[in-house]
Structures are given as structure tokens and as C-alpha cells.
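Trainee: Sequence:
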Amino acid sequence: MTPEEWGSFVQSYAGRPEDFGAWAWRTLKIPEEMLYIAPYEAPPPEANGDFFCNYHGCFNVYKTKQARENHFNVVHLGFRVPCPDCNAVLMNRNSLPRHRRDHCLKRKPA
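Taking the working numbering, the leading residue of the sequence shown gets 232, the next gets one more, and so forth.
If you're looking for bench data, these hints aren't it; they were derived computationally from the structure.
The beta carbon of each residue, even a glycine, is placed where N, CA and C say it ideally should be.
Simulated DEER-style distance windows between Cβ atoms:
1) N325 <-> W256: 20 to 28 angstroms
2) E236 <-> G280: 34 to 42 angstroms
3) G280 <-> T233: 37 to 45 angstroms
4) L336 <-> A253: 30 to 38 angstroms
5) L336 <-> D281: 36 to 44 angstroms
6) F240 <-> P262: 12 to 20 angstroms
All chains should be modelled from the sequences, with the hints used to inform the complete structure.
Mentor: In C-alpha cells, the structure reads:
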């Protein structure tokens, strides 16, 4: 699967972020024995409190665990969140309230 095909595949998902993995395995028809791969565990913070992305070749550093997780999910896994009103694609679920308030064409008064 090319990066472009993966991007299209990820964007076609309209469910909850926490259900993406199960949907992807089912949709891609991955053999059941592959489901038993060890889960990803993010590294602990450094002594100075910084959180490093441990994706191969990525050297980004974050001040919070949440910032690192958002980066990993969006940049490396391609997670996106669709707006339920207008289907705009957002970087994470925390962007949804502001989008709906300030930008969503279906919700803004004319």
C-alpha cells in the first residue's frame, strides 16, 4: 500500500479513534494470528521531563505526553477526526469544538 493509498484508507474511517485498529484489521483482512503482536508502549519521559517520539527517524521532542501522543497519532498513524456536521477532516478530537463554533459551514448562521 502506497502512502497515498494509506492516507485515503485512513480518511475513509468515520468511527471513533479508539475503534480504528479493529476496523483497519477487519477491513484489510489481516489474518487473526497477526492480532497478537505486542502493543505499542510509548517510552517514559526523559529525566528533564521531555517526551521523545520514538518513531524510527523522528526526533521530535514534546513537553507533555499528550502532545507526543497527538503527534504520533496524526503524523505517524494518520489518524484524523471527521466533523459530524460537514465532514471536514480535523487533526484530533480536541479541535472539534472550536471547528464547530468558528468554522463549520453547516452550523454557522448565514
